[in-house]
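Colleague: Adding 32 to a residue's 1-based position in the sequence shown gives its number in our numbering.
Read the hints as simulated data drawn from the structure, not as lab findings. Treat the hints with caution; some may be incorrect.
Below, simulated EDC-like cross-link-like pairs (lysine to aspartate or glutamate); rule was C-alpha separation at most 16 Å, straight line [said to hold, decoys possible]:
no., residue 1, residue 2
1, Lys232, Asp53
2, Lys251, Asp168
3, Lys237, Glu94
4, Lys89, Asp103
5, Lys125, Glu112
6, Lys200, Glu94
7, Lys251, Asp234
8, Lys125, Asp168
9, Lys125, Glu94
10, Lys125, Asp91
11, Lys251, Asp143
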Amino acid sequence: IPDGESLARVLSAGVQGTVSDPRLMVSFQPNYVPAGPQKMPPLPPEHLVAVLQTSIKLDILEGNTGYLRIDHILGEEVAEKVGPLLIDLIWNKILPTSALIFDLRYTSSGDISGIPYIVSYFTQAEPVVHINSVYDRPSNTTTKQLSLSNLLGERYGLSKPLIILTSKNTRGIAENVAYCLKNLKRATIVGEKTAGGSLKLDTFKVGDTDFYITVPTAKSISPITGSSWE
């Protein structure tokens, strides 16, 4: 094996073949710098609108059926900043529809804290519902995620049909959202088998080397099924 990158590819193939998990990866990174927590920079309203319009698609189809495509699931911090804009530009147009097609076929990224925000718009305000638990392996802790009793804007309601579209590109957080709403019997899932992504991936240095291993470090546990979608 001539170099570190070649060895990393061989090791990755061996690990993935042994445990049948493509998320496990060995990399060779002599100049690796750990990524810090991402914070949303302050943006003027017109820039926020432009960002939202590139990642969210909205349409009203025949029969007063709403169509909503989201390519990234926002986390709590970002949602609090752009929430009023989302309500005004997107959600208030969806609310009057008779049914909703929620397109997660292209949603491959997101933040764990965004799960209860999305799910809560399709549940009742009271009583709150235990929708999901997240087990974090590094801290060996399990965090309950409950539906939110207070939301910006109105809820979509419990009776209007909700169809979630999935594909092989539906990954991680989006899989969790679909799984939660399915188990709550609030949504019908239509589409391909999803990617089987992880809620969270972390990268660890391998000893005193320039090799790093990336592994899943968190998993979702449904309070209804007792298991994850994985």
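Colleague: Which of the stated hints cannot be reconciled with the structure, identified by number in ascending sequence?
Modeller: 3, 5, 6 and 8
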